[in-house]
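Novice: Chain by chain, the residues run as shown.
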Amino acid sequence: MSEPTSKLPVQAAPIELEREPLVGDLHGPGWLSDKIAGVIEAKTPLWWWCAFIPSLVLLGMCGTCIAYLISTGVGVWGLNHPIMWGWAIINFVWWIGIGHAGTLISAILFLLRQRWRTSINRAAEAMTIFAVMCAGTYPVIHIGRVWFGWWLMPFPNSNGPIWPQFRSPLMWDVFAVSTYFTVSLLFWYMGLIPDLAVMRDRSKTKMRKFAYGLFSLGWTGSNRHWSNYEKAYLLLAGLSTPLVLSVHSIVSLDFAVSQLPGWHTTIFPPYFVAGAVYSGFGMVLTLLIPLRSMLKLEQVITMRHIDLMCKVTLGVGCIVSYAYGMEYFIAWYSGNPYEKSTFWNRLFGSYWWGGWLMITCNAMVPQLFWFKGIRQNLVIVFILSILVNVGMWAERFVIVVGSLYHEFLPSNWSYYMPTKIDVLTYVGTFGLFFTFFLLFIRFVPLIAISEVKGVTPQADPHHPLGGAKPGGHH
Amino acid sequence: MKTIPPPCPEPDSGPKYWRSLDHLAENQEFRRWVENEFPSGVNEMADPVSRRHFVQIMSASFLLAGFGLTGCRRPVETILPFSKAPENYVHGKPQFFATAMPTRGSAIPLLAKSNDGRPTKVEGNPQHPDSNGATDRFAQASILGLYDPDRTIHFRKGANTTTREEGLSALSDLAGQAKTKQGAGLSFLLEQSSSPSRARLQQAVSQKLPQAKWYSYEPVDFSIHRQAASAVLGKPVTPYFKLDAAKVIVSLDCDFIGSEEDSYIHIRRFAKGRRLVKPTDTMSRLYVVEGLYTLTGANADHRLRVAPSQTLAIAARLAQEVLKQSGAADFSASLATLAGAAKANEKWIVECAKDLLASGGQGVVVAGYTQPLAVHVIATAINVALGSVGKTVDYHAAPDAELGGIAELAQALNAGQVENLVIVGGNPVYNAPADLDWVKTQRKAKNVVRLGYYEDETFAVSDWHLPLAHYLESWGDARTADGTVVAVQPLIEPLFGGITELEVLARVGGLDKAGPYEIVRETFRGIAGASEESWKKFLHDGFLADSASPRVSVQMDWSAATKVIADAKPLPAPGQGKLEVIFHRDYKLDDGRFNNNGWLLELPDPVTKMTWENVILLSEKTAKDLGVESHDPERAKVMTQRVKVTLNGRTVEGPVWIQPGQADDTVSLALGYGREKTGRVGKKCGYNAYLVRATGGLYLAAGASVAGTGESHQLATTQHHGSMEGRPIIREANMSEFQKNPRFAKGMNMEAPPSSQPLYPNPLDELQKKATHAWGMSIDLNSCVGCSACVVACQSENNIPIVGKDQVARGREMHWIRIDRYYAGEVTDPQMVNQPMLCQHCESAPCESVCPVNATVHDEEGLNVMVYNRCVGTRYCSNNCPYKVRRFNYFDFNKRPLDRLYDSPLWSKTDGEWELKRWFKDVDRSSRPEDEWELLKLVKNPDVTVRMRGVMEKCSFCVQRIEQAKIAQKVKAGPTGDVEVPDGTIQTACQQACPAEAIVFGNIKDPNSRVSKLKAQERNYSVLEFLATRPRLTYLARVRNPNPAMPDYQAMPLSLKEWEEKGNEIEGSEPHAEHEAGAEKKAEKGARE
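Same order as they appear, the protein sequences are chains A and B. Counting the first sequence from 1 gives a position; this note's numbering is that position plus 3. Counting the second sequence from 1 gives a position; this note's numbering is that position plus 856.
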């Protein structure tokens, strides 16, 4: 590739005001395709196996735990009389929170013309889908009689007919989560079609050609295809956007609708959404920082991306902190002694560590992102991104267990401890998540090839490198 | 359900059915059968139980019913289906038979419910003049004992199983031997009994075998009341306390509410004396002197916490004050020597005495069974001096049974005077005083024949073991507390061919008529004459009217009293290093006789809330002195230290528990646990306090030391937090406050939301308006004493499973009704309050709106109903229940053995067969051992669903009883359309069992129903009212009646004080000013009209 030269005077802003490009000075679109498709086409690296086999083992463990649970009874978990929800619900909310970043990045940032999303949206969406799968496991398995779980679905029946109880937030959950999952999956797949076609065209084996061919739905890249594709993509983005807000709002209503001090809070819907986005971005950072170096994608997923994600995390982190403050203010201002006692217990009760962990990780840790030096230090960002998710897990723990263990009548007060099965099931869901994620890395382009090309300097007609030039490469 | 038995039918003239024994006896073949008594196939009784066998047994019970009983019972039938249905029998409809549960010196008159020939529930006999339908937790749980798979099912010779015939022939051999020697070398060791038949048999046998010796032993013996009264009143009498008539009650370490005999009658009378309707009503005042925190102490207005050994001094000082004017000079002089030790509590005693004197003969002093004779004598003297005799205490004639004690028997055994020892009931190897070394002593008899219910410790060292029949399988009789003769009649043929005490005595005595029915019939003839009609009425009613022991007028024999007092040897005051041990009857297992009863084991102790084991109780200070650590209540596991208690060189080891309100330097050991040989349920439960209990210190012993072992121990308690934290959950005030502001309980409400009216009217509201009934309940916290009979009654009625210690420790017990126990004040000497907590049946129920599958819904009569087969188990309902009264089946508690709950059917085996395969073969199979499973099925109430795992359950207000009553009323109403169930027809199980009559259930639509009137009372309030859940269960606030002159007088109850310390103030609310539930308002209005 020759160095293109420009004869026209460049009307560029002063160097200090110029934005850093979204992706670095790439060696042209062809190079980009080679690079991204190369991840799949290259020989399976050793580290992949090292990650994949333990993931499979964990997945097996998860399955075993679930089989044990369903065959034996919910009693294998650490639940007890006042604390009837424990790790299952905590983990459900946690995973579903993680599942927020993907659709937010792909849909809301798309609508807001935030073009930096292109480098990370594919992986984030995949993360969303797998996280929602992990999350979705829990509501199903946590019920006492799993084999009757389908009674939560409204289906015509001859028993009366008996319908589900539409007043129950658990019922709304069924709709919210399943809709979110379906739309997220469609959106993800929709965006994949041009890239799958790329993969098909590059395939060297029949098997691959067939498989990618099947899933690329006969994509030819014609203008008509592109035109339909863009419209559909926009529509789905529009459809997904409210879902991003609705899912976690509804999940929060699982708590907010109840009478329980600590749950019965009107601030929950926005607070949960902010928390979800917070944890989602945390998880995207956790995944992409090692991935970009493993797959040598530093030029595609640049420090600018990391920087921007840190800023989003900081922003939503501040919203979360505000919500925490507001909860305490209302507990004090309401004058309700039951409410006061619950919030006192969060910080100074048996589960004080949960309360402080939550405040440290969710309100204090993101404040470090005010500093550019920190945002640019991958090691620190990586550690902080993990802390974000630890903090969000603690938040859910504090809300679920911390509100149930000491509530209205002191005679009911008790204590909750997870059992081995609780822990192993949770660890097992990581197996589920990573198994799928690693397969995703191996078989699906983890960066939207077609989209990311659109943000390269070459694609910008005003850029010295860009513009359609006669004889230029395409 | 009203449980008055059906009317006794007139005798039938036609020879359709066999109506009486005489009738039957005309038949030669039958006569032979009667003599032989055991039809062919009886050997099978010795075989392991099979399902087929059970069917046979069940059908055999039909036979028995006809054999023994007259018109009230089902006539003789075989296993074949009825070709002609017997009278009054409707398949599936329960029948009620009057019987009684014998206790030591008394009995509890009962109505037993029988479903198709199997007893399933017992209730108090409401027609009995003394009990009025009350029961206690032991009676309620006794039904489980009938179906205990671990009870003796075999006749045994040594360790070998033998047949019933052989067992009985061994008895006749014994009888033959005894006859030739006139009974020499033959000794009987009996339990106490109030049975007239046993007394008669004993006499008859003594006549035949004059040389035979009789002994009796009860590890917990209540006969001290009789002993004391007889010693100083000149006649063999026993006191009968009429606590309802008393204005001032002083308990000298007497736990009449909890562990004394006939506590259910005491509770009923005590509650009656404290029932309040209007602020102008009066209530009795209770002073309690005790060392252990008992239920009586919990209900006291003034509780003096002292080591029980000091009670004697306090009693003496109290008597001094009371007897200032009267009494004998000698007596007063001996009192003075004893009273010196009571200096520390001078003011308390003096004021208490003043109050007693001011009561105008309506004071009463009661002494506890743990106290020595002198205390009882002093109590009697005070009662006599107060002029209470005839007012608050009656003396009934009570002839002495003249039996020797176990120590005398031990002497005889050691002297080699006993050749044949017949142990009838009891378990002396386990519970005899440790110094008698009973295992060895008993072996000195050549031949030990033992009649027992379990193959227990005594079984192991007996030559012959005969299975004892349960009282629901036996013919017998007894006398209740007031002496009324009650019938003990079988509802079922002995499941395992057991025999009764009467039968054994008759057989060993070589009496002609050895059939238990004949024995009882004969006794009755002696008491009430030969009339067949009165016998029938006796069986039908369950008691013989007007047969109470005659009241005797008594005269105090001061010189006898002086002698007793002079002989009294007061125990030294306990101190560091020489602690005082209190051996007390356990609230749950009694003296150990209910050791294998899962319902009782899992019942939380009414005070400590401990399940499945006993603990070593210490006061906080004593524990600190000893360096024993208390558990941390904020931890998941209730871990405590194990300690060793050493008394006179004997040691017992157990977990320690710090009991608020326990006297310093005392150690409480509950009897009845730590069994070596017992059933599957009772094994490994607690420590055995009998190991350190010796003659001379059966209840109180001085000089014990306690040392930590360094080991820790996990306990299973159902309540972790003891303080109400200043929350107005149980509301109480002093009498003076109640008189000033009768609506004090409502003045403690938190501000409710401005309107609890929903935006959209509930379509159910219209239906509710149209419905005939609106069910509601009222619980009077002033009456509830916390005895927990309701908890067991509910468990029995509603097929509630037990979950085992491990699961209780994890907080998964299943009781639908629980008694919340809170302490208020300092840990050294707190006040205790109790509150029965069950589903509140909220009109606006938080559980209902969150269930995604409509499994918990409201019916038009206001019940919050749980649809088990719709429930998928999301458990959200429980999370959203502010009262936390819902229970979740975390495991298949009904079908799985408690020690195998965690075994997955996917990879576990039962009887060598893969569990999953078994399950596919037959879903209804259990992984419990076959015998256990078959028996446990029998105890279930067929009107209540047995819940599977994964299902939420809770109190239903006994909806099965409601429906039965409604159906009955509909049938009765016929075309009149008067389907309103009359008030009082439906009693919930808890209500029916409640001896205090604290629980009232009924139709709140009817303004004249009892429950409406109670709810209209000013003390009425609902818990967590501000949540606007509008519970249908409301409480009546508790009122304390302290004496302002007392040194420990509290101007307000300590829980109220805690609430006020949180910055609250009782609102002197205007009537009608506040928000109330609509139905309640109506009820109130109706009541005023």
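No lab work stands behind these hints, which were simulated from the structure alone. Bear in mind the structure is a predicted one, so any value in this text is a computation, not a measurement. Treat the hints loosely; a few may be bogus.
Claimed, not checked - Under the rule of at most 30 angstroms between Cα atoms (straight-line distance), these lysine-lysine pairs were calculated in the DSBU-like manner: (1) B:LYS1773 with A:LYS423; (2) B:LYS1247 with A:LYS423; (3) B:LYS1751 with A:LYS343; (4) B:LYS1751 with A:LYS423.
To be verified - A partial selection of chain A residues facing chain B, derived with a Cβ cut-off under 7 angstroms: (5) ILE73; (6) ASN83; (7) TRP88; (8) PHE151; (9) PRO164; (10) ARG170; (11) TRP222; (12) GLY224; (13) ASN226; (14) LEU412; (15) ASN415; (16) TRP416.
Where is the CB? At the ideal position from N, CA and C, for every residue including glycine.
Novice: For each hint, tell me whether it holds in the structure or not.
Specialist: Do the hints match the structure? See the list:
no. : hint                    : result
1   : B:LYS1773 with A:LYS423 : 28 angstroms, holds
2   : B:LYS1247 with A:LYS423 : 65 angstroms, violated
3   : B:LYS1751 with A:LYS343 : 43 angstroms, violated
4   : B:LYS1751 with A:LYS423 : 25 angstroms, holds
5   : ILE73                   : 9 angstroms, violated
6   : ASN83                   : 3 angstroms, holds
7   : TRP88                   : 6 angstroms, holds
8   : PHE151                  : 5 angstroms, holds
9   : PRO164                  : 11 angstroms, violated
10  : ARG170                  : 5 angstroms, holds
11  : TRP222                  : 42 angstroms, violated
12  : GLY224                  : 47 angstroms, violated
13  : ASN226                  : 49 angstroms, violated
14  : LEU412                  : 6 angstroms, holds
15  : ASN415                  : 4 angstroms, holds
16  : TRP416                  : 4 angstroms, holds
In terms of the numbered hints stated before, the structure departs from hints 2, 3, 5, 9, 11, 12, 13, listed from lowest to highest.
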